[in-house]
Amino acid sequence: MADLMTGSEADVAVVGGGPAGLHAALVLAQGGLSVVLLDESDTLGGQYYKRRPAQLTAAFGDFRPRGTELIRQVREAEVVVRTGTLVWGAEDAGRTLFTSDVRTGALGRINTRATLAATGAYERSLPFPGWTLPGVVTPGFALHLATMDRVPVGNRVVLAGTGPFLLPVACALLEVGARIEALVELNHPYRPRASALGGTLRQPARLAEAARYLLTLARHGVRVEQGARVLAAYGDTQVTAVDIGHEDGRVRRLETDALCVGFGFRPSTELPRLLGCDTQADPTGTEQLPVVDADGTTSVDGLYVAGDCAGIAGVQAAGVRGQLAAHAILRRLAPERAPAPVAGLRRRARSLDRFAALADRLYPMPATADIPDDTQVCRCEGVSAGEIRQAAETGWNDLHGTKAATRAGMGPCQGRECGHIVAALAGRGSGPNRAAECFAARMPIRPLPMAATVEGQEVP
Amino acid sequence: MSTNSPPQTVTVTIDGAPGQAWAGQSVTAVLVAAGIWPLRRNPVNGQLRGPFCGMGVCLECEVTINGRPGSRSCTAHVTDGMDIRTHTEPLPTAAHG
Amino acid sequence: MTRPDVIVIGAGVLGASAAFHLAERGYRVVVLERGGPNREGSGTTAGNLHIQAIHTRRPGQEVPVDSARLLPLQRRASDHWAQIEERLGADVELRRGGGFMVAETAVQEEELREKHEWERRAGIPTEVVTGDEARKQLPLLSDRVRAASWCPLDGYANPLLITPAYLTAARRLGAELHAFTPVTGIQRVGDDYKVLSDDRSWTAPVVVNAAGPWITEISALAGVGIQMSPVAIQMHVTVRVPPVMHHLVQHIGEGMSVKQVSAGNLLIGGGWPAAKLDMEGRNTVSVPSMAGNLAQAGRILPFLGDLRLLRMWAGPLAATPDEMPVIGEVPGHPGFFVAGGTYAFTLAPVWGDTLARQIAGEVAADPVDDLGPGRLLYDDATTPVSP
Chain A
129 MADLMTGSEA DVAVVGGGPA GLHAALVLAQ GGLSVVLLDE SDTLGGQYYK RRPAQLTAAF
189 GDFRPRGTEL IRQVREAEVV VRTGTLVWGA EDAGRTLFTS DVRTGALGRI NTRATLAATG
249 AYERSLPFPG WTLPGVVTPG FALHLATMDR VPVGNRVVLA GTGPFLLPVA CALLEVGARI
309 EALVELNHPY RPRASALGGT LRQPARLAEA ARYLLTLARH GVRVEQGARV LAAYGDTQVT
369 AVDIGHEDGR VRRLETDALC VGFGFRPSTE LPRLLGCDTQ ADPTGTEQLP VVDADGTTSV
429 DGLYVAGDCA GIAGVQAAGV RGQLAAHAIL RRLAPERAPA PVAGLRRRAR SLDRFAALAD
489 RLYPMPATAD IPDDTQVCRC EGVSAGEIRQ AAETGWNDLH GTKAATRAGM GPCQGRECGH
549 IVAALAGRGS GPNRAAECFA ARMPIRPLPM AATVEGQEVP
Chain B
204 MSTNSPPQTV TVTIDGAPGQ AWAGQSVTAV LVAAGIWPLR RNPVNGQLRG PFCGMGVCLE
264 CEVTINGRPG SRSCTAHVTD GMDIRTHTEP LPTAAHG
Chain C
5 MTRPDVIVIG AGVLGASAAF HLAERGYRVV VLERGGPNRE GSGTTAGNLH IQAIHTRRPG
65 QEVPVDSARL LPLQRRASDH WAQIEERLGA DVELRRGGGF MVAETAVQEE ELREKHEWER
125 RAGIPTEVVT GDEARKQLPL LSDRVRAASW CPLDGYANPL LITPAYLTAA RRLGAELHAF
185 TPVTGIQRVG DDYKVLSDDR SWTAPVVVNA AGPWITEISA LAGVGIQMSP VAIQMHVTVR
245 VPPVMHHLVQ HIGEGMSVKQ VSAGNLLIGG GWPAAKLDME GRNTVSVPSM AGNLAQAGRI
305 LPFLGDLRLL RMWAGPLAAT PDEMPVIGEV PGHPGFFVAG GTYAFTLAPV WGDTLARQIA
365 GEVAADPVDD LGPGRLLYDD ATTPVSP
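Residue numbers (this note's numbering), protein chains in the order written: chain A, 129 to 588; chain B, 204 to 300; chain C, 5 to 391.
Hints in this document: simulated from the structure, not taken from any laboratory. Small disclaimer: the values here were computed from a predicted structure and weren't measured. Honestly, I wouldn't trust all of these hints.
[Said to hold, decoys possible] Here are the simulated lysine to any residue pairs, SDA-like style, with alpha carbons at most 20 Å apart:
#	chain 1	residue 1	chain 2	residue 2
1	A	K178	A	R223
2	C	K280	A	A221
3	C	K280	A	D429
4	C	K280	A	D220
5	A	K178	B	L251
6	A	K178	A	R200
7	C	K280	C	V235
8	A	K178	A	P296
9	A	K178	A	L198
10	C	K140	C	K280
11	A	K178	B	G259
12	C	K280	A	R210
13	A	K178	A	Q444
14	C	K280	C	P325
15	C	K280	A	P296
16	C	K198	C	E180
17	C	K280	C	P63
18	C	K140	C	G127
19	A	K178	B	V260
20	C	K280	A	K178
21	C	K140	C	K198
22	C	K280	A	E219
23	C	K140	C	H250
24	A	K178	B	A226
25	C	K280	A	D406
26	A	K178	A	R241
27	A	K178	A	R194
28	C	K280	A	R223
29	A	K178	A	R210
30	C	K280	A	T211
31	C	K280	C	R315
32	A	K178	A	G404
33	A	K178	A	E303
[Claimed, not checked] If the Cβ cut is set under 10 Å, some of the chain A residues that face chain B in the computed set are:
#	residue
34	E168
35	V230
36	Y250
37	E251
38	P257
39	T260
40	P262
Glycine included, each C-beta is placed from N, C-alpha and C at the ideal position.
Use the sequences and the hints to build the structure in full.
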């Protein structure tokens with residue numbers, strides 16, 4: 129049956145064509161190994177170095193030219209680039225990867241000597257009443273529309289949640305002509321008063337970048353409201369209004385035609401977890417991160433992890449971590465080569481990690497305890513917070529049992545949107561309920577068109 | 204390379220009505236620009252849903268593109284003559300027995 | 005409960021059914037479950053109600069089931085399932101849409117006819133129809149279908165609902181459930197069994213070992229050697245689609261079952277082997293089994309090719325060496341009962357009732373003496389564990 133899949137070979141497969149994967153693939157190929165770089169998207173770059181389509185680049189210019197340069201180097205180094213290729217499964221410590229062509233559905237198999245998972249992250253959402261209304265989106269979606277497509281997500285936009293990412297999104301929205309009704313930051317990362325003037329962060333390390341964004345926002349008259357949050361969104365067929373709650377109990381209703389809410393990022397860890405890699409809880413206790421050493425080596429021999437999927441640390445750290453993992457793979461697979469010195473990269477990685485830890489402290493997550501019972505948590509299966517709490521409170525169910533009892537996490541997104549919330553809600557009990565901290569990773573990692581499997585075999 | 208020349212325009216059909224878009228734009232962007240937010244109904248509760256994550260994870264933005272149902276509009280790009288269909292009609296039945 | 009009448013080990017569908025039937029008769033029941041209830045084979049199974057004979061081997065299965073022997077029990081199970089929602093006061097998404105078992109070759113068609121004869125004798129209504137007749141009823145069937153046997157009693161119940169429904173009903177009748185309570189020792193104390201879970205213990209004159217793939221381990225704690233051969237099989241589920249079929253479709257030649265569950269997902273199984281059975285962790289699915297199972301299902305139901313596979317998983321099956329179920333008191337160990345083995349989902353109501361009757365000293369509704377654990381005993385069991 130395996131013969132229905134066309135197989136190919138490479139020394140190393142790099143899964144994910146974002147900053148970590150690109151940097152890693154380049155080092156590996158320059159080191160003389162055959163490298164296949166796989167990405168589900170039809171272009172390289174990942175989220176940060178996302179490519180603007182060629183037709184729009186001609187009109188609007190190159191987006192993040194550093195990404196263009198990096199991709200050019202990767203192609204020149206003769207990395208085999210396979211975009212539009214979904215890695216939906218893996219076995220044998222990642223030495224076998226199962227793929228699907230996103231356009232044709234054709235199945236494939238790649239055999240490697242080592243695999244680097246550089247699968248990045250997705251945005252962290254937290255449910256509130258009305259969050260499933262059309263027009264309620266992630267900040268990343270708004271950024272994508274503004275930067276790639278040059279389309280404002282709305283005319284009167286409300287941005288909310290927490291994290292430094294809200295600032296560049298707001299600036300990108302202004303650039304395409306959207307009006308920002310409010311920028312609502314849950315925490316207090318920015319100096320009071322100063323933020324309105326273009327302000328500064330309390331921590332000087334983050335000063336330059338954030339200050340630039342804050343200055344732009346101030347120039348456009350956008351004030352960052354700190355210590356406030358979205359309570360609920362309203363609308364019939366799409367969002368038309370939102371309630372903003374302030375710390376003093378004041379509630380303000382704003383009219384809006386696009387509400388963007390995000391709480392930072394969640395690592396996309398399905399591939400390493402599928403391969404049985406040791407994991408540990410992240411500081412929120414609702415994610416399981418692959419346990420890695422300084423070079424991205426995991427507990428699974430031959431499997432390496434780099435970039436945000438090993439813990440959110442941002443684009444710079446992803447690039448450095450990608451290079452470190454690549455050097456570790458080179459030392460392993462090409463021991464005859466003189467190993468490259470990596471002390472400098474490791475120092476840089478440590479410093480960037482400290483930077484990320486700082487951000488975690490500046491932008492803590494809100495508690496899930498106050499999600500109202502009637503709020504939908506699992507968007508796909510329409511399961512409410514109350515149903516999840518009820519299942520957990522029987523005392524019979526750990527997280528997996530809660531999923532089985534409620535169907536939360538069983539829909540087409542496979543629990544990616546709600547998994548961390550279900551974990552937080554189902555983990556409220558004591559004892560064994562604390563044991564399971566995230567949904568199991570299963571094949572297929574994404575819903576897989578079945579045409580190829582169904583048609584691929586003759587009757588013996 | 205000039206960065207001033209306007210992008211090339213293509214014609215697409217959204218739910219039977221012709222519309223203009225820039226070649227290369229994502230299908231979601233074209234829908235949003237046309238003010239079309241609800242794209243489908245949740246099969247469990249019938250609620251209207253629209254694009255959410257924009258990166259192919261949530262699958263809320265699925266539409267029918269050139270006759271192919273279940274196409275993610277956020278990761279698809281428009282081409283000239285593309286036929287895009289949303290599915291916001293009420294569900295035939297909530298469940299079946 | 006300090007002094008129960010019966011301790012049931014295992015909160016899968018059999019343990020839950022036994023607890024319910026016993027509690028209904030007024031027994032004080034304690035159920036001990038190593039993890040969460042319904043998390044292993046009972047919660048990972050396909051949920052098929054097999055009323056017509058299966059007569060199919062799982063891929064890799066060496067010994068065939070004695071299908072004819074089981075048919076009276078399936079007939080009895082059919083009656084139990086017909087009343088189950090009313091009896092438990094719960095919706096378990098019971099669907100009795102009938103089922104086709106299809107044949108692609110002349111030899112397979114002959115097997116359908118042979119099977120039909122056994123079913124007729126057991127009082128199970130089936131009918132062998134031509135491929136065209138089957139397609140008239142279910143146009144989704146492909147031209148490959150040469151003949152099919154049709155049984156209006158075949159169906160489906162949601163495996164995620166039935167065990168919790170049994171447990172809830174049992175608890176309403178006074179039974180106690182202790183989840184996340186692995187049994188660590190079983191001691192004989194006078195005429196009783198003392199069942200330990202670390203520093204906790206329960207003592208009762210009767211123990212029901214319904215531990216599924218752990219039957220061997222649990223029996224060994226009581227000094228009973230029972231040979232089981234657990235395997236892991238895998239299931240595949242598609243994304244939800246609008247209602248397209250309400251039949252269970254199986255294949256006489258190779259393991260295959262396809263149906264649309266009430267949520268709208270298509271569930272595709274047939275006992276294809278998983279890559280690895282891991283009793284302490286998670287079973288590993290096999291991609292070749294996936295490819296084989298889906299190709300075969302798509303050959304019979306080509307519309308599956310338009311769907312997307314959402315998930316697959318593997319769960320344990322507590323098979324016996326002779327592939328037949330095991331139920332009854334262990335010879336030489338009065339009060340120690342075992343229940344498990346093949347067809348456990350379909351037969352769960354029958355086995356719950358049978359155990360309750362056996363424990364009460366009554367005659368079973370159908371004779372099951374030949375299915376007792378005596379045939380699976382071996383001598384070199386470990387000695388009873390004592391702390």
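Structure-based check of each hint:
no. : hint              : in the structure
1   : A:K178 <-> A:R223 : 28 Å, violated
2   : C:K280 <-> A:A221 : 14 Å, holds
3   : C:K280 <-> A:D429 : 19 Å, holds
4   : C:K280 <-> A:D220 : 12 Å, holds
5   : A:K178 <-> B:L251 : 29 Å, violated
6   : A:K178 <-> A:R200 : 14 Å, holds
7   : C:K280 <-> C:V235 : 8 Å, holds
8   : A:K178 <-> A:P296 : 15 Å, holds
9   : A:K178 <-> A:L198 : 12 Å, holds
10  : C:K140 <-> C:K280 : 41 Å, violated
11  : A:K178 <-> B:G259 : 14 Å, holds
12  : C:K280 <-> A:R210 : 31 Å, violated
13  : A:K178 <-> A:Q444 : 15 Å, holds
14  : C:K280 <-> C:P325 : 19 Å, holds
15  : C:K280 <-> A:P296 : 47 Å, violated
16  : C:K198 <-> C:E180 : 16 Å, holds
17  : C:K280 <-> C:P63  : 15 Å, holds
18  : C:K140 <-> C:G127 : 26 Å, violated
19  : A:K178 <-> B:V260 : 16 Å, holds
20  : C:K280 <-> A:K178 : 39 Å, violated
21  : C:K140 <-> C:K198 : 59 Å, violated
22  : C:K280 <-> A:E219 : 12 Å, holds
23  : C:K140 <-> C:H250 : 14 Å, holds
24  : A:K178 <-> B:A226 : 17 Å, holds
25  : C:K280 <-> A:D406 : 19 Å, holds
26  : A:K178 <-> A:R241 : 29 Å, violated
27  : A:K178 <-> A:R194 : 11 Å, holds
28  : C:K280 <-> A:R223 : 17 Å, holds
29  : A:K178 <-> A:R210 : 16 Å, holds
30  : C:K280 <-> A:T211 : 32 Å, violated
31  : C:K280 <-> C:R315 : 17 Å, holds
32  : A:K178 <-> A:G404 : 30 Å, violated
33  : A:K178 <-> A:E303 : 18 Å, holds
34  : E168              : 7 Å, holds
35  : V230              : 8 Å, holds
36  : Y250              : 5 Å, holds
37  : E251              : 7 Å, holds
38  : P257              : 13 Å, violated
39  : T260              : 6 Å, holds
40  : P262              : 3 Å, holds
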